[in-house]
Amino acid sequence: MKVETIRALWKRPTRKSVSLSKLLLATYILLALVAPIIAPQNPHDPLQIYAWEASSPPLAMGGGGYTYLLGTDGLGRDIVSTILYGLRISLVVSITSTAIAALIGVAAGVSAAYFGKWVDVVIMRIVDLQLSLPTILVALIAIVTLGPGIDRIILAIIIVQWAVYARIARGVALSEISKSYLDAARLQRLPTRRVIFRHLLPNSIAPAITLVPIELGHAVALEATLSFLGLGVPIDKPSLGSTVASGFQYLLTGQYWISLFPGLALFGLIASINFVGEDVRRLLDPRNRSI
Amino acid sequence: MKQDSIQRPLLEVSNLTLKHRATSGATTILRDVSMKLHRGEILGLIGESGAGKSTLGNAILGLLTPEFERTAGTILFNGQALESMDERQWDAIRGRRISAVFQDHTASLDPLMTIGAQLEETIRATDGNVSAHQARARAFDLLVRVGIPNPHERYASFPHQFSGGQRQRVVIAIALAGTPQIIVADEPTSALDATVQKQILRLLRELVDETGVSVILVTHDMGVVAEITDKVVVMKRGEVVEADTTSTILDDPRKGYTRRLLAAVPRLRVRSCEQSDNRSSTDREMGSDAEAPILIVQGVTKTFSGQGFPWFRKHTRKLALRNVSVRLARGAITGIVGESGSGKSTVGRIIAGLETAGEGTLDIDGTSYDISLPGQRSGLLGRVQMIFQDPAVSLNPRMSVAETLQESVRFGSRRPLGARPDVATMMERLGLAQSLLARYPHQLSGGQKQRVCIARALLAGPQIIVADEPTSALDVSVQAEIAKLLKEMVTEQAVSMLFISHDLALVQELCSSVYIFKEGVVEDAGSSEFIFSRSRNSYTRSLIDARPRRFTY
Numbered sequence: 200m201k202v203e204t205i206r207a208l209w210k211r212p213t214r215k216s217v218s219l220s221k222l223l224l225a226t227y228i229l230l231a232l233v234a235p236i237i238a239p240q241n242p243h244d245p246l247q248i249y250a251w252e253a254s255s256p257p258l259a260m261g262g263g264g265y266t267y268l269l270g271t272d273g274l275g276r277d278i279v280s281t282i283l284y285g286l287r288i289s290l291v292v293s294i295t296s297t298a299i300a301a302l303i304g305v306a307a308g309v310s311a312a313y314f315g316k317w318v319d320v321v322i323m324r325i326v327d328l329q330l331s332l333p334t335i336l337v338a339l340i341a342i343v344t345l346g347p348g349i350d351r352i353i354l355a356i357i358i359v360q361w362a363v364y365a366r367i368a369r370g371v372a373l374s375e376i377s378k379s380y381l382d383a384a385r386l387q388r389l390p391t392r393r394v395i396f397r398h399l400l401p402n403s404i405a406p407a408i409t410l411v412p413i414e415l416g417h418a419v420a421l422e423a424t425l426s427f428l429g430l431g432v433p434i435d436k437p438s439l440g441s442t443v444a445s446g447f448q449y450l451l452t453g454q455y456w457i458s459l460f461p462g463l464a465l466f467g468l469i470a471s472i473n474f475v476g477e478d479v480r481r482l483l484d485p486r487n488r489s490i
Numbered sequence: 022m023k024q025d026s027i028q029r030p031l032l033e034v035s036n037l038t039l040k041h042r043a044t045s046g047a048t049t050i051l052r053d054v055s056m057k058l059h060r061g062e063i064l065g066l067i068g069e070s071g072a073g074k075s076t077l078g079n080a081i082l083g084l085l086t087p088e089f090e091r092t093a094g095t096i097l098f099n100g101q102a103l104e105s106m107d108e109r110q111w112d113a114i115r116g117r118r119i120s121a122v123f124q125d126h127t128a129s130l131d132p133l134m135t136i137g138a139q140l141e142e143t144i145r146a147t148d149g150n151v152s153a154h155q156a157r158a159r160a161f162d163l164l165v166r167v168g169i170p171n172p173h174e175r176y177a178s179f180p181h182q183f184s185g186g187q188r189q190r191v192v193i194a195i196a197l198a199g200t201p202q203i204i205v206a207d208e209p210t211s212a213l214d215a216t217v218q219k220q221i222l223r224l225l226r227e228l229v230d231e232t233g234v235s236v237i238l239v240t241h242d243m244g245v246v247a248e249i250t251d252k253v254v255v256m257k258r259g260e261v262v263e264a265d266t267t268s269t270i271l272d273d274p275r276k277g278y279t280r281r282l283l284a285a286v287p288r289l290r291v292r293s294c295e296q297s298d299n300r301s302s303t304d305r306e307m308g309s310d311a312e313a314p315i316l317i318v319q320g321v322t323k324t325f326s327g328q329g330f331p332w333f334r335k336h337t338r339k340l341a342l343r344n345v346s347v348r349l350a351r352g353a354i355t356g357i358v359g360e361s362g363s364g365k366s367t368v369g370r371i372i373a374g375l376e377t378a379g380e381g382t383l384d385i386d387g388t389s390y391d392i393s394l395p396g397q398r399s400g401l402l403g404r405v406q407m408i409f410q411d412p413a414v415s416l417n418p419r420m421s422v423a424e425t426l427q428e429s430v431r432f433g434s435r436r437p438l439g440a441r442p443d444v445a446t447m448m449e450r451l452g453l454a455q456s457l458l459a460r461y462p463h464q465l466s467g468g469q470k471q472r473v474c475i476a477r478a479l480l481a482g483p484q485i486i487v488a489d490e491p492t493s494a495l496d497v498s499v500q501a502e503i504a505k506l507l508k509e510m511v512t513e514q515a516v517s518m519l520f521i522s523h524d525l526a527l528v529q530e531l532c533s534s535v536y537i538f539k540e541g542v543v544e545d546a547g548s549s550e551f552i553f554s555r556s557r558n559s560y561t562r563s564l565i566d567a568r569p570r571r572f573t574y
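Protein chains in written order, with my numbering: chain A, 200 to 490; chain B, 22 to 574.
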């Protein structure tokens, strides 16, 4: 499966024009990777922040020997640097949580399908329950119970997202189980582990994987939402969402830059992930793959 | 009328060449195909999968997707060139002058509309001047015409309330709604049981004789061709191999391919051989087999309970098997014949330990197994191997042939390490090249896949193999090869086989004794010779009569 998937992804970009969204996403990832090198300031380090330069407008000259291209926030942190470092946090949180959620979800869904009976009932009723509650509510409950912190946010997003994967994986696994090759596997008295990992899982995983890019976009948005509500990342390590939130109170006094620029960066990030995700999903969908 | 039809054909396809453009490049689907259809004629288009017969049918219906490109040739219908028509012009032809009947009768009907409404809709769509009242009257007439019993009562019924055969009758009625000149019927009976198939074919013949409509019958089944067609076009890989009247094709085929197709059709012998009739009725139960049977299944009863909460399940309960007893002779093939829903596959799965049964006993070689327990717990699972119907889904698509076969040797084999069979030897014996070992299922043909499935079953070293319709998803010529192979394997590998099929001729060819299943009950049983020549059971007789005469002797 792995080889096929990679091949399917590889085949398409032979088109000469790289779409804007792909370019944008690539830029975001590159910026996140090199943020410590190119950022004029480390916004996580209090020693590099000059509190008396708080709320400087864009293009103001700063005491550190560099221009605040996009101004500073209410604590005197350079907005450019905050965006670059915030990007890192946003991406780490969303990628980690999406990957773990997919893993847990697929495992739960396939187990429900394979073991059936009470395992199926228990897992799928939890899934139903969870999907019937609004996403943000589930996340809020999780955060309130677990407490703040980056790891807690990741956990909250996993709790919100695993159910989607579980439901899809279960459906696919059920249809695979009805195929005769799994009967044949049972007739050979293969160990349960082998039936699941060698036969069932590799054939049930593809549709769930097509969900990953889209859920990644949701994860970024959810993290930003939680941070905006003040339930997210700690104040000294702002993500894109929490920077937007911290600038919110200054909007009325005309200091638009604190919220606006991180907001735009966030918008571009989610949009590019969603567009690229849609492309990837279409490529991975076997129904769209011509032989 | 004959004179007139000879002069001017209703439909004439000349030198049609079609290419299919895909991302991987263009492939020629039809090459230089020509055919003529006259009024009141049934023309059979026959060929194996990939022959291009359905594509030709779709071209005549104007239903080709944009990936198809016509590079040469014309399709003339009443002097009009169909191949260059746009969608608006097609609207005047399709459904009115040329209509269609497809294989899948369930997908051909709207599940949310009553059949009466669907008929009326079609009638009014093809003729704008019809009043609601007239449309209703015509719809009734059509239902009567296609033989739907009690049309007044069934008029407001939904498609799911009909049986498969009746649904196909309704589809034919809809095809007739626009009083067409041509009906293109693409495998109209392939999804139906043999007895129903016969009735539908008879209906088509009657309609042609009465209304003078012409039918293009796309099929892979020589039996269907022999039954009702006037002319036959034999196709192979997009080309016309031979075209002539049906009797000429059947009695005096010119081309080797046609002869091979005909030879591959299993023949049913119904005339009694020179065996005396005076065997006692207990003797016929197991033929002349003196040895103890390897498998004895007795009194198996199984109910399928419906889904849902336990206290609702009672109402959806369905008896799948009732007091079924089957014995399997050692080193021979025993057949189970039945139409869909007769429970024949369920018996096979119970014997293999894949399903449980409420009541009954099962003995393999003197060892009893509790079939009310899941196969893993009773130890039955693994003693019996299976060969499945659809080779497309019976191999793990993500495992190569080598991995599949080695897994069977490693895990499935009940023999000690030293005595384990060799994958390479088995491949060679089954006519599979060593180079196929590295391939994945989607890179194999249907016949090759089924051979791999046979190898997988044999490599596990079972005493018993249950073959559930192992040839019905394959082309006719491949069917014959696989059947021959199964027969040889039973002798060579010293296994006993339960052969489940709906094909009487194939069962006769392979099996020494036969069970006839009907609605979950053993309706008739005996030696192959007894069942096919001397059984007086009316159901057995009706199954035999449903076979095309041409291939029965």
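Just so you know, not all the hints are guaranteed correct.
Stated by the list, open to error - Straight-line alpha carbon distances no greater than 27 Å define the calculated DSS-like cross-link-like pairs of lysine-lysine that follow:
{"id": "1", "chain 1": "B", "residue 1": "LYS257", "chain 2": "B", "residue 2": "LYS276"}
{"id": "2", "chain 1": "B", "residue 1": "LYS40", "chain 2": "B", "residue 2": "LYS57"}
{"id": "3", "chain 1": "B", "residue 1": "LYS276", "chain 2": "A", "residue 2": "LYS378"}
{"id": "4", "chain 1": "B", "residue 1": "LYS276", "chain 2": "B", "residue 2": "LYS505"}
{"id": "5", "chain 1": "B", "residue 1": "LYS40", "chain 2": "B", "residue 2": "LYS276"}
{"id": "6", "chain 1": "B", "residue 1": "LYS505", "chain 2": "B", "residue 2": "LYS257"}
{"id": "7", "chain 1": "A", "residue 1": "LYS378", "chain 2": "B", "residue 2": "LYS40"}
{"id": "8", "chain 1": "B", "residue 1": "LYS508", "chain 2": "A", "residue 2": "LYS378"}
{"id": "9", "chain 1": "A", "residue 1": "LYS378", "chain 2": "A", "residue 2": "LYS316"}
Stated by the list, open to error - Now the in silico label distances, taken between C-beta atoms and shown as ranges:
{"id": "10", "chain 1": "A", "residue 1": "ILE340", "chain 2": "B", "residue 2": "ASP107", "range": "55 to 61 Å"}
{"id": "11", "chain 1": "A", "residue 1": "LYS316", "chain 2": "B", "residue 2": "GLY320", "range": "23 to 29 Å"}
{"id": "12", "chain 1": "B", "residue 1": "ALA113", "chain 2": "A", "residue 2": "LEU328", "range": "54 to 60 Å"}
{"id": "13", "chain 1": "B", "residue 1": "THR216", "chain 2": "A", "residue 2": "ARG324", "range": "44 to 50 Å"}
{"id": "14", "chain 1": "B", "residue 1": "ASP391", "chain 2": "A", "residue 2": "PRO390", "range": "18 to 24 Å"}
{"id": "15", "chain 1": "B", "residue 1": "SER466", "chain 2": "A", "residue 2": "ARG481", "range": "27 to 33 Å"}
{"id": "16", "chain 1": "A", "residue 1": "ILE340", "chain 2": "B", "residue 2": "GLY320", "range": "55 to 61 Å"}
{"id": "17", "chain 1": "B", "residue 1": "ASN150", "chain 2": "A", "residue 2": "LEU328", "range": "57 to 63 Å"}
{"id": "18", "chain 1": "A", "residue 1": "LEU328", "chain 2": "B", "residue 2": "ARG258", "range": "52 to 58 Å"}
{"id": "19", "chain 1": "A", "residue 1": "LEU328", "chain 2": "B", "residue 2": "LEU340", "range": "35 to 41 Å"}
{"id": "20", "chain 1": "A", "residue 1": "LEU345", "chain 2": "B", "residue 2": "SER184", "range": "43 to 49 Å"}
If you're looking for bench data, these hints aren't it; they were derived computationally from the structure. No residue lacks a Cβ here, since even glycine has one placed at the ideal position from N, Cα and C.
Tested hints:
1. B:LYS257 x B:LYS276: Holds: B:LYS257 and B:LYS276 sit about 11 Å apart, inside 27 Å.
2. B:LYS40 x B:LYS57: Roughly 21 Å separates the two Cα atoms, so the pair holds.
3. B:LYS276 x A:LYS378: violated (40 Å)
4. B:LYS276 x B:LYS505: At roughly 24 Å apart (the allowed maximum being 27 Å), B:LYS505 and B:LYS276 satisfy the hint.
5. B:LYS40 x B:LYS276: holds (26 Å)
6. B:LYS505 x B:LYS257: Given pair B:LYS505, B:LYS257 holds - Cα atoms ~24 Å apart, limit 27 Å.
7. A:LYS378 x B:LYS40: violated (34 Å)
8. B:LYS508 x A:LYS378: holds (26 Å)
9. A:LYS378 x A:LYS316: holds (19 Å)
10. A:ILE340 x B:ASP107: 55 to 61 Å: holds (60 Å)
11. A:LYS316 x B:GLY320: 23 to 29 Å: Given about 28 Å between the Cβ atoms, the range holds.
12. B:ALA113 x A:LEU328: 54 to 60 Å: holds (56 Å)
13. B:THR216 x A:ARG324: 44 to 50 Å: holds (46 Å)
14. B:ASP391 x A:PRO390: 18 to 24 Å: Taking Cβ atoms as reference, B:ASP391 and A:PRO390 lie about 23 Å apart, which means the hint holds.
15. B:SER466 x A:ARG481: 27 to 33 Å: Holds, at about 30 Å.
16. A:ILE340 x B:GLY320: 55 to 61 Å: holds (57 Å)
17. B:ASN150 x A:LEU328: 57 to 63 Å: holds (58 Å)
18. A:LEU328 x B:ARG258: 52 to 58 Å: At roughly 56 Å between Cβ atoms, B:ARG258 and A:LEU328 fall inside 52 to 58 Å, so the hint holds.
19. A:LEU328 x B:LEU340: 35 to 41 Å: Cβ of A:LEU328 to Cβ of B:LEU340: about 37 Å, so the range 35 to 41 Å holds.
20. A:LEU345 x B:SER184: 43 to 49 Å: Given about 58 Å between the Cβ atoms, the range is violated.
The structure does not agree with the numbered hints 3, 7, 20 stated previously, though it agrees with the rest.
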